[in-house]
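Trainee: What follows is each chain in one-letter form.
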Amino acid sequence: DTAVSQTPKYLVTQMGNDKSIKCEQNLGHDTMYWYKQDSKKFLKIMFSYNNKELIINETVPNRFSPKSPDKAHLNLHINSLELGDSAVYFCASSGGTRSLPEQFFGPGTRLTVL
Amino acid sequence: AQSVTQLGSHVSVSEGALVLLRCNYSSSVPPYLFWYVQYPNQGLQLLLKYTSAATLVKGINGFEAEFKKSETSFHLTKPSAHMSDAAEYFCAVSEGGSARQLTFGSGTQLTVLP
Chain A
1 DTAVSQTPKY
11 LVTQMGNDKS
21 IKCEQNLGHD
31 TMYWYKQDSK
41 KFLKIMFSYN
51 NKELIINETV
61 PNRFSPKSPD
71 KAHLNLHINS
81 LELGDSAVYF
91 CASSGGTRSL
101 PEQFFGPGTR
111 LTVL
Chain B
1 AQSVTQLGSH
11 VSVSEGALVL
21 LRCNYSSSVP
31 PYLFWYVQYP
41 NQGLQLLLKY
51 TSAATLVKGI
61 NGFEAEFKKS
71 ETSFHLTKPS
81 AHMSDAAEYF
91 CAVSEGGSAR
101 QLTFGSGTQL
111 TVLP
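Sequence lines, in order, name chains A and B. Residue 114 is where the first sequence ends in the numbering used here, and the numbering goes up by one at each step. Residue 114 is where the second sequence ends in the numbering used here, and the numbering goes up by one at each step.
Chain A on its own, in the form it takes in the complex (with noise of 0.2 Å):
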């Protein structure tokens, strides 16, 4: 059973489009977040969300919008795709406040602007 899954695992599409990426979980867990890996291999955290709310937004433009239906979903929407954004997206999650806080991460989506 996949714990966190992650569609597509590849994206190549041109500047300016508008994409999404999408995850889930089924560990039940509480907070689910975003990183970026950039080219480098550096992984910088975007988004998480607790409980349906935003509790963690670092300095990533507003293009970037997560949008959570409900507590196993958390798909990242972008806007007007800019060549910086290439980079691989991970999707990862971790239970609650009272559990440990390590994260369990998807297998990534390699995204290439044009």
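Treat each hint with caution, since some may be false.
Claimed, not checked - Quick list of in silico lysine-lysine cross-link-like pairs, DSSO-like style, CA-CA up to 27 Å:
(1) B/Lys58 / B/Lys68
(2) A/Lys44 / A/Lys67
(3) B/Lys49 / A/Lys36
(4) A/Lys41 / B/Lys58
(5) A/Lys40 / B/Lys49
(6) A/Lys22 / A/Lys41
(7) A/Lys9 / A/Lys71
(8) B/Lys49 / A/Lys44
(9) A/Lys71 / A/Lys19
(10) A/Lys9 / A/Lys41
(11) A/Lys22 / A/Lys67
(12) A/Lys44 / A/Lys9
(13) A/Lys9 / A/Lys67
(14) B/Lys49 / A/Lys71
(15) A/Lys40 / A/Lys22
(16) A/Lys44 / B/Lys69
(17) A/Lys67 / A/Lys19
(18) B/Lys49 / A/Lys41
These are calculated hints, taken from the structure and not from any lab test.
Based on the hints, put chain B in the right spot on chain A.
Mentor: Frame of chain A, contents of chain B only:
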């Protein structure tokens, strides 16, 4: 504020040799510490975690790490490297609590030479 420093962006060892990957952290409270491994084109997998129960932590695939508060370190070791250990390794710190945020180091690429 929490931060992580991984010394050495690239480490090469011969097969069968000791693996030592360095991690130093900064945290204003007793931290949770993690090591994750990322194989090519895959997501991050948890190797081991420190949660204050024991200073020497054993993980998967023969890896272990020792928490040294006086040195603010959490170095990762493995007595004998295997070719399959070649991957990117990330150290991460969390102060826990409601934020649940992980701060990652910049990663260390481990190469295992035959």
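Trainee: Indicate, hint by hint, whether the structure satisfies it.
Mentor: Cross-check of the supplied hints:
no.	hint	result
1	B/Lys58 / B/Lys68	15 Å, holds
2	A/Lys44 / A/Lys67	19 Å, holds
3	B/Lys49 / A/Lys36	22 Å, holds
4	A/Lys41 / B/Lys58	25 Å, holds
5	A/Lys40 / B/Lys49	24 Å, holds
6	A/Lys22 / A/Lys41	21 Å, holds
7	A/Lys9 / A/Lys71	22 Å, holds
8	B/Lys49 / A/Lys44	20 Å, holds
9	A/Lys71 / A/Lys19	21 Å, holds
10	A/Lys9 / A/Lys41	17 Å, holds
11	A/Lys22 / A/Lys67	9 Å, holds
12	A/Lys44 / A/Lys9	19 Å, holds
13	A/Lys9 / A/Lys67	19 Å, holds
14	B/Lys49 / A/Lys71	25 Å, holds
15	A/Lys40 / A/Lys22	24 Å, holds
16	A/Lys44 / B/Lys69	26 Å, holds
17	A/Lys67 / A/Lys19	13 Å, holds
18	B/Lys49 / A/Lys41	21 Å, holds
Violated hints: none; the structure is consistent with every hint.
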